[in-house]
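**Q** What follows is each chain in one-letter form.
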Amino acid sequence: MADVLIAVALLLVAATATAAVAVRDPARQALVLSVLGLTLTLLFTVLQAPDVALSQLAVGSALTPLLILLSVRKARRRSLDQVRAEKEAEEGGT
Amino acid sequence: MNAWLVAAAVLMVAGLGPVLWCVATGPLRRRVAAQNTGTLLVCLVLLLLARGYARPPYTDVALVVALLGPVGTLVYARLLGPEMGDDPQQGPLTKAFAVIASAAVVLPLCVAEGPGRSLVKLLLIGAILVGGNLISSKALAGARPKEADDHG
Amino acid sequence: MMDVLPYLVAAWVFLVGCYGLATSRNLIHAVGCLAVCQAATYVLLLAVGYRKGGTSPVFADFTPGARAVVDPVVQALALTDVVVGATVTALLLALVIQVAKRHHTLDPDELSELRG
Amino acid sequence: MNRRLRMWVLLLGLAGTAALLVAAAFRLPAFGTGFHPYGDRAVHEALARQTANTVAAVNFDQRAFDTLGEETILFAAVLGTVVLLRQARDERHVEPAPADVAAPVRRYALVLLPVTLVAGLYIVAHGQLTPGGGFQGGVVAATALHLLYIAVDYRALERIRPLGLFEVGDAAGEAAYLVIGVAGLLAGSSYLANTILPHGTFNTLSSGGTVPLLNAAIGMEVACAVVVLLARFLDQAVEIEGEGANEGENEGEGERT
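One line per chain: the protein sequences are A, B, C and D, in this order.
Residue 107 is where the first sequence ends in my numbering, and the numbering goes up by one at each step.
Residue 155 is where the second sequence ends in my numbering, and the numbering goes up by one at each step.
Residue 120 is where the third sequence ends in my numbering, and the numbering goes up by one at each step.
Residue 1253 is where the fourth sequence ends in my numbering, and the numbering goes up by one at each step.
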């Protein structure tokens, strides 16, 4: 039974990792990454490593997604700022 | 081999498989909702595993999922809210599933546990889990497009 | 099959992460792919340390020697690395934000064109 | 090098690495092998020092010096992030508009904040007994504080978060680890040796000698580090505007949750 559980968790991790790479939009990727963190938590628990599971969980469930989303937001704001500045410059020119 | 581990394996395949599919495809709101359901399922699987392996300390991991899982979803609802404005809302089915699945897992565990400190901990985890899940579903449903906002 | 499956999954996760890293058109996405690569190392470490029928070497609820336990050394390696890896991810994201500020793009291809 | 050629080079490299990894996988000891010489010795040593959680014993006793290295990487990474994300000369600070949070979400987050904080501290304090320790508990405790950002808004978080204090705490955690190490030297043993304190009774809070102390030091450093990291990112994403931005509108905290 333990082997079945480990195999299931392993395959879930493999599938989630593939999905995390295949999803190209960073904000959507952050969602898949947090699910990857959850499946890794399960894998570590069935591999009898609750310490590592806890570590992965603490980091993967809220911290990493928040960092990625904040970076996405900042980058988008930069480009918005840029567009706005260009528009202003254009209006100033005409 | 015991029934708890079988239940955990079934929940992993039948629960997390569809969750993964929904998280990777479809409109944004459905993806966040799927992630939310994912944390709930993982917490339940962890509770089953702790019982199945006869290792009470493993429930600490489930407690942390119950606490931090909804936080992640609330972060998504806050930061991705403007983007998923027009996506179709989730039906009441997701919420009903959350409550029924949690009850179906936590109550048998409580019966098997018998009275004591672990029972209190188990009930606490169950309450935090269901409460957090319902609140984050609510926050998700309330996330609106930026245009509808009254600021500026 | 079970003898090598965990190692093969670790290899697959690592390779798929590398593929994503190399073909990424967005630096933030690339950092996410690097996180996937990192996950592969944890899977490999813990797979090496697993013992059939073993339980975790945490003796809070059973007497030492009553059950076989898995290897704690690899778990210790993986556990610190998970948290440290997250702060390194943060450092990389900070670099990405700086790139976005200076060059107004997150596409690595456009960045290399900028440099000429 | 054009895109097509680059793709071929990549696929070739990946295929080669894959072949090597698969070949290596079949030469590794079979998964689940019973032969773990290091593990067995580590468990034996940990039990000799009365530490119930042998993973914590490996981290903070047998390989404590290595953990010091990990901790220093963490410290340096946080320092680097702080330097990279400071407010540049051409940027200015804009007060975010207060967020409009639904009442149940607010209540939930405010109730959960102390619960999560206590859970984090519990995980740090019981690191030598049950799964957990400074690394995990620190992150959980730091995440707890950010429930305030979710419950109210960024300004509320800023009000209760004296960032300077957390920066000092980050350094103090690292320093405490070093000092405990030196204490081992002064006690006539080697650096970071677990000999300065009695090892206590097995499976009680005060067991394990210096393991709980080092756990607490790491917990403090990690918690403060995460708070500082998130503060910098939140500042960038919510408050700091570039030169081209329009004063009147801000994208800060307008949306509802």
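Accuracy of the hints is not assured; some may be wrong.
Claimed, not checked - Listed below are the simulated EDC-like cross-link pairs for lysine to aspartate or glutamate, each with C-alpha atoms no more than 20 Å apart in a straight line: (1) B:LYS141 - B:ASP89; (2) B:LYS124 - C:ASP65; (3) C:LYS105 - D:ASP1231; (4) B:LYS141 - B:ASP90; (5) C:LYS56 - D:ASP1036; (6) C:LYS105 - D:GLU1235; (7) C:LYS105 - A:GLU101; (8) C:LYS105 - C:GLU117; (9) C:LYS105 - D:GLU1087; (10) B:LYS141 - D:ASP1096; (11) C:LYS105 - D:ASP1086; (12) C:LYS56 - A:ASP16; (13) B:LYS124 - B:ASP89; (14) A:LYS100 - D:ASP1096; (15) C:LYS56 - C:ASP7; (16) C:LYS105 - D:ASP1096.
What the hints assert, rightly or not - Pair by pair, the computed Cβ-Cβ distance ranges are: (17) D:HIS1089 - A:ARG37: 45 to 51 Å; (18) C:ASP111 - D:GLU1041: 50 to 56 Å; (19) C:MET6 - B:GLN92: 41 to 47 Å; (20) D:HIS1089 - C:ALA72: 54 to 60 Å; (21) A:ARG37 - B:VAL9: 18 to 24 Å; (22) B:VAL9 - D:SER1185: 46 to 52 Å; (23) D:VAL1005 - C:THR67: 53 to 59 Å; (24) A:ARG37 - D:LEU1016: 26 to 32 Å; (25) D:THR1197 - C:GLY69: 17 to 23 Å.
Since the hints were derived computationally from the structure, they do not count as laboratory data.
Backbone N, C-alpha and C define an ideal beta-carbon position, used for all residues, glycine too.
**Q** Taking the hints in turn, state whether each one holds.
**A** Hints, verified against the model:
1. B:LYS141 - B:ASP89: holds (16 Å)
2. B:LYS124 - C:ASP65: holds (16 Å)
3. C:LYS105 - D:ASP1231: Since the Cα atoms of LYS105 (chain C) and ASP1231 (chain D) sit roughly 15 Å apart, the hinted pair holds (cutoff 20 Å).
4. B:LYS141 - B:ASP90: It holds: about 15 Å lies between the C-alpha atoms, which stays within 20 Å.
5. C:LYS56 - D:ASP1036: Holds, because 14 Å separates the two Cα atoms, which is no more than 20 Å.
6. C:LYS105 - D:GLU1235: Roughly 15 Å between the alpha carbons, so the hint for LYS105 (chain C) and GLU1235 (chain D) holds.
7. C:LYS105 - A:GLU101: holds (19 Å)
8. C:LYS105 - C:GLU117: At roughly 17 Å apart (the allowed maximum being 20 Å), GLU117 (chain C) and LYS105 (chain C) satisfy the hint.
9. C:LYS105 - D:GLU1087: holds (11 Å)
10. B:LYS141 - D:ASP1096: Distance ~14 Å between LYS141 (chain B) and ASP1096 (chain D) Cα, so the pair holds.
11. C:LYS105 - D:ASP1086: Holds. LYS105 (chain C) to ASP1086 (chain D) sits at ~11 Å (cutoff 20 Å).
12. C:LYS56 - A:ASP16: holds (9 Å)
13. B:LYS124 - B:ASP89: Violated - the C-alpha atoms of ASP89 (chain B) and LYS124 (chain B) are around 40 Å apart, more than 20 Å.
14. A:LYS100 - D:ASP1096: Violated - the C-alpha atoms of ASP1096 (chain D) and LYS100 (chain A) are around 31 Å apart, more than 20 Å.
15. C:LYS56 - C:ASP7: Holds. LYS56 (chain C) to ASP7 (chain C) sits at ~11 Å (cutoff 20 Å).
16. C:LYS105 - D:ASP1096: Answer violated: LYS105 (chain C) to ASP1096 (chain D) is near 29 Å, above 20 Å.
17. D:HIS1089 - A:ARG37: 45 to 51 Å: violated (33 Å)
18. C:ASP111 - D:GLU1041: 50 to 56 Å: holds (52 Å)
19. C:MET6 - B:GLN92: 41 to 47 Å: This hint holds: roughly 44 Å between Cβ atoms.
20. D:HIS1089 - C:ALA72: 54 to 60 Å: For HIS1089 (chain D) and ALA72 (chain C) the Cβ distance comes to about 58 Å; the hint holds.
21. A:ARG37 - B:VAL9: 18 to 24 Å: Given a distance of about 38 Å, which is not inside 18 to 24 Å, the answer is violated.
22. B:VAL9 - D:SER1185: 46 to 52 Å: holds (51 Å)
23. D:VAL1005 - C:THR67: 53 to 59 Å: Between VAL1005 (chain D) and THR67 (chain C), where Cβ atoms are some 57 Å apart, the hint holds.
24. A:ARG37 - D:LEU1016: 26 to 32 Å: At 28 Å between Cβs, range holds.
25. D:THR1197 - C:GLY69: 17 to 23 Å: Given a distance of about 18 Å, which is inside 17 to 23 Å, the answer is holds.
In this structure, the earlier hints numbered 13, 14, 16, 17, 21 are contradicted, and the remaining ones agree with it.
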